[in-house]
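> Please build the complex by placing chain D on the supplied structure of chain U, with the hints as guidance.
2 protein chains.
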Amino acid sequence: MPTETTSQQPKKILVVSAHPEPRSLNAALTTFAVEHLRAAGHEVRVSDLYAMKWKAEVNADDFPDHQADRRLDVLAAQGEATSAGRLTPDVAAEQEKVRWSDAVILQFPLWWFSMPAILKGWVDRVFTNGFAYGPDVPPPYSEGALAGRRALLSVTIGARESSFSDRGIHGRLADVLHPVQHGLFWFAGMAPLDPFAVYRSIDLSRERFAIAKQEYGRRLDGLFTDEPVPFRTLVGGDYDHDMRLLPGVEAPGTSGLDLHVHPRA
Amino acid sequence: MPTETTSQQPKKILVVSAHPEPRSLNAALTTFAVEHLRAAGHEVRVSDLYAMKWKAEVNADDFPDHQADRRLDVLAAQGEATSAGRLTPDVAAEQEKVRWSDAVILQFPLWWFSMPAILKGWVDRVFTNGFAYGPDVPPPYSEGALAGRRALLSVTIGARESSFSDRGIHGRLADVLHPVQHGLFWFAGMAPLDPFAVYRSIDLSRERFAIAKQEYGRRLDGLFTDEPVPFRTLVGGDYDHDMRLLPGVEAPGTSGLDLHVHPRA
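Sequence order for the protein chains is U and D.
Read left to right, the first sequence gives residues 7 to 271 (the working numbering).
Read left to right, the second sequence gives residues 7 to 271 (the working numbering).
Pulled out of the complex, with its shape left as it was, chain U reads as follows (with noise of 0.2 Å):
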């Protein structure tokens, strides 16, 4: 639903992109973003992942104090660079950023029903063991050591919206992006809203971009205060002590990814 922009307090926006090309579909969508928040008298920053020539991979030149002899345990490494503050600048800039956000924003084309390999990276680097998760953090799912924070995922399809459909060859958009909107965002905590999407992104119409961007305006104008998805919280009851859902809980014929999401109205 559409609200008014300017009853809104002004908030903190970290805004992701992943593409290779800055004329691309994705970049516009990112400098529309911007703009747009920025008229709401919003604070933005952008990670451009291909200009800032983001290291996708994991590797032992991660972790500074690692010893080249010995064999590295990625999420101990992660854990114990995290703890130490020796992280390196690239992911400790990140980090950062994410910490000073209100709401994350990544915006990428969907390359093979996930996000492309530099921000996968991104993720992988940047969600440490000890900032996103861990033993010294909130339980994940719903508290999480990023709580408080939204989360809005905004891709590109050349497919058509049909094959994304409740019964699209596809499978739904929510469940093929399942394992970033409950998988990260919900995991650590961030509350991730419904994904915007533009569909048949290939050689996009004048007219078709306008659409798209008076469609993404009203998403972002209701970044705040748009419902979240109603994913069901760990420490709220609904599951057992090895997390799987008490019997009973859901309505019934739900299955499958559902079972993790409160019916909506």
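Just so you know, not all the hints are guaranteed correct.
All copies of an identical chain are treated as equivalent in the list; a pair is satisfied when it fits inside any one copy or across any two copies.
[Claimed, not checked] Straight-line C-alpha distance at most 30 Å; calculated DSBU-like pairs for lysine-lysine: (1) Lys61 x Lys103; (2) Lys59 x Lys18; (3) Lys103 x Lys17; (4) Lys59 x Lys17; (5) Lys59 x Lys103.
Derived from the structure by calculation, the hints contain no laboratory data.
Structure of chain D alone, referenced to chain U:
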């Protein structure tokens, strides 16, 4: 179901492995798979992405014929480079391995509920327009450009199995891996088997590693004989022209991603 390896015809198998540490569990499982499959008479090739220093991100450098002042349209550039035989040597070499193979195994740690960035980058760069899909190859979902090949995901997972079970909070492993199983393999015409997973993979004891190898060995023995996931085919009459499942095709009460799988006996 275990099968007699001696009854199998020799086949060609590509193992793609994605872990930065040569002494990791993932590396050990790759070594095990290679030895086990070779002992059964198969030909095996390995793409060890970290050892190869695989370039993860798609960018203009992937397209030698791309003019720097032109807008980079990734889909078009991939299509042109593929049909002209003008892909970079690293990508061309991987495509040759996939073409050569009767089965592809991806070995990786589940990071943020999907592939490590370096492996996603192998997918993004190797499964090009014109190679894995496109107007000049057989249509996706069952026919597909890479039909006749099997596919197996072998993943290590820090969490317990219960948390990925039918009612597990992370979602069923099959649903979490749907973007790869259905979106990548099945889309491209490859027949994916159920994933093989080692849960609670952190500090795996010698005893549990031995059990994991036994289980993995059985799965490798069944690589060409086990029943693949019975995904529905796009061309089999189950979908309409907008790629939506026709009404009433599914068993009553089926929803979500299960819509796209034939019920199993």
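> Hint by hint, which ones does this structure get wrong, listed from lowest number up?
Per hint list: zero violations.
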